[in-house]
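2 protein chains.
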Amino acid sequence: MAMGSRVLALYHKTSNTLRSYHPHLPKLIAVVAVGGGGFVAYNTLNGSNTVDPSVKKKRVVVLGTGWAGTSFLKDLDSSQYDIQVVSPRNYFAFTPLLPSVTCGTVEPRSIVEPIRNIMKKKGGDIGFLEAECFKIDPQNKSVHCRSVKQANLEGKEEFIVDYDYLVVAMGARSNTFNTPGVEEHTHFLKEIEDAQNIRRNVIDCFEKASLPNLTEEERKKNLHFVVVGGGPTGVEFAAELHDYIKKDLSKLYPTVKDLVKITLLEAADHILGMFDKRITEFAEEKFQRDGIDVKLGSMVVKVTDKDICTKEKSKEGVSSIPYGMIVWSTGIGTRPVISEFMKQVGQVNRRALATDEWLRVDGSDSIYALGDCASINQRKVMDDIADIFKKADKDNSGTLTVKELQDVVNDICERYPQVQLYMKNKSMKNIVQLLEESKGDNEKESKELDIERFKSALSAVDSKMKFLPATAQVAAQQGQYLAKCFNRMNECEQTPEGPLRMRKDGRHRFHPFRYRHLGQFAPLGGEQTAFQLPGDHVSIGYSSQWLWYSVYASKQVSWRNRMLVVSDWTRRFIYGRDSSRI
Amino acid sequence: MAMGSRVLALYHKTSNTLRSYHPHLPKLIAVVAVGGGGFVAYNTLNGSNTVDPSVKKKRVVVLGTGWAGTSFLKDLDSSQYDIQVVSPRNYFAFTPLLPSVTCGTVEPRSIVEPIRNIMKKKGGDIGFLEAECFKIDPQNKSVHCRSVKQANLEGKEEFIVDYDYLVVAMGARSNTFNTPGVEEHTHFLKEIEDAQNIRRNVIDCFEKASLPNLTEEERKKNLHFVVVGGGPTGVEFAAELHDYIKKDLSKLYPTVKDLVKITLLEAADHILGMFDKRITEFAEEKFQRDGIDVKLGSMVVKVTDKDICTKEKSKEGVSSIPYGMIVWSTGIGTRPVISEFMKQVGQVNRRALATDEWLRVDGSDSIYALGDCASINQRKVMDDIADIFKKADKDNSGTLTVKELQDVVNDICERYPQVQLYMKNKSMKNIVQLLEESKGDNEKESKELDIERFKSALSAVDSKMKFLPATAQVAAQQGQYLAKCFNRMNECEQTPEGPLRMRKDGRHRFHPFRYRHLGQFAPLGGEQTAFQLPGDHVSIGYSSQWLWYSVYASKQVSWRNRMLVVSDWTRRFIYGRDSSRI
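Chains A and B, in that order, give the protein sequences.
Numbered per full-length UniProt numbering, the first sequence spans residues 1 to 582.
Numbered per full-length UniProt numbering, the second sequence spans residues 1 to 582.
Chain A on its own, in the form it takes in the complex (with noise of 0.2 angstroms):
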């Protein structure tokens, strides 16, 4: 089996790069002999039986080497492709403990893993380019890049990278509603260095209340935290900060520790609402155990040098307060070079770049975008009524009957994955009940459907339609599809897998890609993490869970980092976290 795949492999890969070298010739250049494990290739042209090694292979450029990039790369057949990574940083980063590093509950290099560790392990042409792209160029199909350090480089950090394909993977920035003062004040929690800073930080606000000639209202001030954002980062922030304090530094600072303060500020009615009542309201009453002090229905309008100036829902006028230091995170916003790449293609006024369900940006061939950077635009069942009805009606008699339907009906389900969700709330079977429900009375024996009655059975599916959240599982399982895509891509040409096309003929090459939602986790400080699992399964544990949930939910986590990680918490254990300003 093994063999027999390998052999197939092989042979898509010759037959693709003859194509690619003579696009004219006969698509059946190859004779494959399977089984026995043979292998003849007759190159008609100049009859030499061996494969021309310098044929060019089709370029991949991936940018970013975030959860989506990476899993891309890791599973990219490196064999196929000649690939090219571009990313500031030449690392992965595990981004789910950034939070327990900024308390030194790990630390950084235990949850980074070298991208070039990455490629060695993997083999074949990839190359690392340690540079930002500040301009995508699809009509000349290049990227424009500039190195992250340009000292020494004559002029040349700047420098242009050719595709066939690209794969956007680059992440967001940091959300900041263009509140004024935030960017200069605020610390945000995205990569690394900003954990590092958080860390160093922590400390010199404790360092600072140390001194003498401060009043107590001074040592106070540095030593309120506030955490803007009460989503999983937030709060996971909060709630190690907390167990920091108490645990370590309390007794490291025994003069000021009773001046300490946290507050979490959140602008809707709950903190962790995209998680289960139980949980938010678990987490809730912990922080107020605490002495956490979290302000629901709080927006921070203002941020200045000394001050954080909020507006509560429930009163009138800004009120401000002093602060030490601040912790912004309120979600994601996109990247300079993203939007500037949405103007070229048409796409304005959304948060990220739209794609297909496939991933592929919208109106570009060869852009694929994943990750935070993108979202899926899920096409309504509702836009494409007509051609739905059309197709599936084969005889061209302008209804439907139940042996027409039952033909395409698992086409339309996983074109449109909405309907099956919609049947799903409803406790439907099958789309044949769906149809029923739509009948009027004096129908019920009727046995056919017209277009009519087809959009009204079907009228209210797409308010089932989801977005995808922006997570590391989102764009973890989104590079891991489309590097599937690509490996089977010529495979894939030639039989396509996918549903039926309902506005073009024939089908789609791939199936589109499906989200398997697998949980998440709220670490809430020190042993606490709450769990939600899909279906209604919802669990306070121990945070050293992560570790059988990086097992079953990443591939990213390598071996290394989870033993580091656990080395690091036996350490910690140990000595307690450590509390220099490095």
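In case anyone wonders, no lab produced these hints; they're calculated from the structure.
Where hints are given, some of them may not hold.
A partial selection of chain B residues facing chain A, derived with a Cβ cut-off under 10 angstroms [unchecked claim]:
1. F128
2. E132
3. Y323
4. T334
Just some of the chain B residues that point at chain A, by a computed CB distance under 7 angstroms [what the hints assert, rightly or not]:
5. P108
6. K149
7. F159
8. D204
9. K208
10. P212
11. N213
12. S558
13. R560
14. R562
Glycine included, every Cβ here is placed at the ideal spot set by N, Cα and C.
Model the placement of chain B on the given structure of chain A, informed by the hints.
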């Protein structure tokens, strides 16, 4: 015994306390019954038999948390003093492992120990201020300090700390010899931050060399690592870097690995000049085998953003070499605050603060200096020769008998260690023999010595005066020594234990500081380390031996640090060094 000494300590503490409160009280106000453990203190003023706890302890201010400061702090009895530590770094760093940090063999946090951890373990009145001392004011017995972080302090970032005793242990800065461009374009290797920057920069150089469009010459330039200074630090860094590149980076950057070059510039005729010739030769040969280009007799005259300009001893003119990165490690210079203080106390044209043999700053009563910022000004025998003679000549006869000499010989040898060194060098058994040597043939029978003979006998001993090297070992021993003196300050004031004062009456309070050389080690990359132990013992062994060395030579390294370093080595052994640019 333990009980007795504790009672004794309590007695000293009490009497000291009473004395500082009522300085004019007769000295014997406390009657102590040692042995049975009974303790009664009579306060003659108010008849109370308890000690007033509000009595102020003497304030000791320690500047610096390096080897000297930390070792002093660790051994100081915190129940006797009110201790204030001022340092811009809130941790102690085990600096001999800094070169290992530059390449990720060891993690920075594994070699630091937060000062507040040490304080917590000690207990007592110890405060830490994360600030830099920028002025010492001996007139007002205070130091002027500035917080290392200014934000949020409302103009209170500068403050004054008063002291009764000041311990200056601020270390030194890197010496640039005023070579233009060094500050701007090279990396020093003195602090943890330096090592972290170097680590990032090495990776930067490799990433830059991997960018497209560069000529081979430009790539070579980016991968040219220059180390200036062939001392232990420079040599170890060059060796570590070579090992890192060979074992790890060459696999991750296969396309550019052959363009790497390491050059070591040393102005003297040999590297590791302070070591035994066998070690120097071994290191030079090893570097040659490794392809590290060692340029001896090469002086750097200028550094620009592109080139490093050197003057060779053997040649005319200046040659320019393009570089990717320079690490500058040519010894130590004086910190500005120390230079300023030296001017105030009338010490000019010196590299470091001059102290007497008891580490007290010349010309100051309550200021001590140790470590790299200080140097002991060993008193010359010839300067005191008349006084020594007078002191020895008890009967004022104008001549010394053997008996008279034997009474003071120990004091002379303790006060002037060069006498002993001189005798050891000449293989003499005792001072009598030394004096015999100076006699003319016709005086051999004479039993007595006049001043002129005495002078001529000792005339050469001052040539054996030794200056202590600026090493961690010296600093640590000085800290320990000074702490012991401080702990026994009252005891020794009443019963001085030092040598006879030659120019005044009585004895010195304490024995003078005596350095005990425990050997030196110079890691030569990878697993190799050269050891030079006292006596004539030289060995080339495994790097892991530093651990053994640390156990026997340094109390500074905590078991926590040792475990962390071993765990780093284990990580590296399994996974190689991390090349992420963080």
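Against the structure, the hints come out as follows:
no. : hint : result
1   : F128 : holds, 7 angstroms
2   : E132 : violated, 12 angstroms
3   : Y323 : holds, 8 angstroms
4   : T334 : violated, 25 angstroms
5   : P108 : holds, 6 angstroms
6   : K149 : holds, 5 angstroms
7   : F159 : holds, 5 angstroms
8   : D204 : holds, 5 angstroms
9   : K208 : holds, 6 angstroms
10  : P212 : holds, 5 angstroms
11  : N213 : holds, 5 angstroms
12  : S558 : violated, 9 angstroms
13  : R560 : holds, 5 angstroms
14  : R562 : violated, 12 angstroms
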